[in-house]
Amino acid sequence: MAGHSKWANIKFRKAAQDARRGKLFTKLIREITVSARSGGGDPGANPRLRAAIDKSLGANMTRDTVDRAIKRGTGELDGVSYEEARYEGYAPGGVAVLVECTTDNRNRTVSEIRHAFTKHGGNLGAEGSVAYLFEKIGLVVFAPGVDEDSVMEAAVNAGADDVDTNPDGSIEGTTAPETLPVVAQ
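Heads up: the sequence shown runs through residues 142 to 326, numbered per the working numbering.
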């Protein structure tokens, strides 16, 4: 601990909590900004933005901070410009790896990712080298205890590709990413 004084102990704990909270808020603000840039600033029409806002408010972020992040993402305010990037490569044993990330500096990010691949015995591939091995899908999970027949019927009518029941009683539905908001409702 920080010493014998009570204030020193409080200060030590508070500094650690504030650092964790600041790190979390930075990630949440980045997600809100990127979501607003890619899908618009209306949470009603942008499910990714709505989820990011809900997560931020759940972490006790102020509404003012959330609104500023949305405005920064839509271009109404100046600030750091984040963009999404996708890198492809091979891990040891020829395992295909697809890395999706958010960055404010593509050159730094590609350097760090290349270093991580090299350090662990893999290599960074060219664009399109492993993407064909992956399929992007939307996943909706319903809690156990929900009426299975009505959920399956509603999900299939909304456009779900597949609906499965897990051993724990939860229900999972897969769909195309474009139809995810419709199926989730």
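Possibly wrong hints are sitting among the right ones.
Stated by the list, open to error - Computed Cβ-Cβ distance ranges for the label pairs, DEER-style: (1) V236 / A160: 19 to 25 Å; (2) K260 / K155: 33 to 39 Å; (3) E217 / D305: 38 to 44 Å; (4) T243 / H145: 31 to 37 Å.
What the hints assert, rightly or not - Derived pair list, reagent style SDA-like, types lysine to any residue, alpha-carbon separation capped at 20 Å: (5) K277 / S222; (6) K168 / G180; (7) K168 / G182; (8) K168 / P233.
Source of the hints: derived by calculation from the structure; they are not laboratory data. Since this is a predicted model, take the numbers as computed values, not measurements. No residue lacks a Cβ here, since even glycine has one placed at the ideal position from N, Cα and C.
Okay, the hints, checked on the actual structure:
no. : hint                    : in the structure
1   : V236 / A160: 19 to 25 Å : 35 Å, violated
2   : K260 / K155: 33 to 39 Å : 36 Å, holds
3   : E217 / D305: 38 to 44 Å : 43 Å, holds
4   : T243 / H145: 31 to 37 Å : 44 Å, violated
5   : K277 / S222             : 25 Å, violated
6   : K168 / G180             : 18 Å, holds
7   : K168 / G182             : 18 Å, holds
8   : K168 / P233             : 30 Å, violated
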